[in-house]
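A.B. asks: Keeping their order, the protein sequence lines are chains A and B.
For the first sequence, the numbering used here assigns the number 1 to the initial residue and increments by one for each residue that follows.
For the second sequence, the numbering used here assigns the number 134 to the initial residue and increments by one for each residue that follows.
A few chain B residues facing chain A, derived, Cβ under 8 Å:
#1 G179
#2 T186
#3 L275
Computed Cβ-Cβ distance ranges for the label pairs, DEER-style:
#4 V75(A) - G215(B): 28 to 34 Å
#5 H101(A) - G242(B): 30 to 36 Å
#6 P165(B) - V11(A): 36 to 42 Å
#7 L78(A) - S199(B): 21 to 27 Å
#8 K247(B) - V57(A): 39 to 45 Å
#9 A270(B) - V11(A): 49 to 55 Å
#10 T123(A) - R153(B): 41 to 47 Å
#11 L122(A) - D148(B): 54 to 60 Å
#12 I100(A) - R153(B): 14 to 20 Å
#13 A53(A) - E246(B): 34 to 40 Å
#14 H52(A) - V152(B): 54 to 60 Å
#15 L122(A) - G149(B): 51 to 57 Å
#16 L122(A) - V162(B): 45 to 51 Å
Non-contacting residues of chain A with respect to chain B, defined by C-beta distances greater than 10 Å in every case (computed):
#17 K6
#18 R20
#19 E97
#20 A109
#21 L110
Note that these hints are calculated values from the structure, not bench results.
Cβ coordinates follow ideal geometry from the N, Cα and C atoms, glycine included.
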Amino acid sequence: MGETAKPHVKVMRSQLGRARGLGSAKSGAAHWWAERVTSLALVPLTLWFVWHALSLVGAPRQAVLDWMYSPVSVVLMLALVATTFHHMALGLQAVIEDYIHAEAARFGALLLMRAACALLALTAIVSVLKMGL
Amino acid sequence: MKDARDALMVGRATDGRVVRRPLSPHLQVYRPQISSALSIFHRLTGVALSAGTLLLVWWLVAAATSDEAWDEVQGVVGSPLGMVVLFGWTVALTYHFFAGIRHLFWDAGYGFEKADFHRSGYAVLAATVVCSVAVWAVGLSLRY
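Let's have the full structure, built from the sequences with the hints guiding it.
C.D. replies: Right under this line is the structure:
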């Protein structure tokens, strides 16, 4: 009979901890990474947006429509919207987890926040597409 | 946590009354330092920016909808209160941007020495002031 390998886990967490999901956030590694990646992406995207927003100060609506009509603007605007709302949802999730202690209230607040972020993101995306397509 | 009563900070006094367990004072005793002040400010600006996305979405919807909607949004944003809010939002965005970059450096492992920590903190504050003022100076001087 050959040797059987011992069960080997690469995560620094006990099996019980993993099952019970201890702590207010329950799990965090994916959240941590997503927050960093979205932050990194937002650096150039924000700069790009601020640059164009400044160039469109006081502009008539047609100028904005003309700018948004280019595929580059549409793509970058969509990237900005998606990244911003994802980053925002992650950040607000951390805030809610920290300050709301009652289980039901925290769960409700998290759901409401995610729903709001999703709806706002969709509204923004549809608006951008309406202008750009 | 050994005792479930810790979760609710509830305990019993010696005569049996249920009392809230005392919390060690922190906000009342610790002097704000560059580390704690910038940290909470990062969170506050994050929340403020989140509220500001409502304005951004309204702006995009108005641009996509009609000239009347557009004029309405531009009017609100251009009003004195609107300009104050926009300025506050710009400061929040600038601060959160630079403080966020400081965070990313920490995540990569750089800048934890006490001297670096303080220097980067003051650098973030300086960059915030300079860039907010610069962006607004440019914005106010540019009229389409």
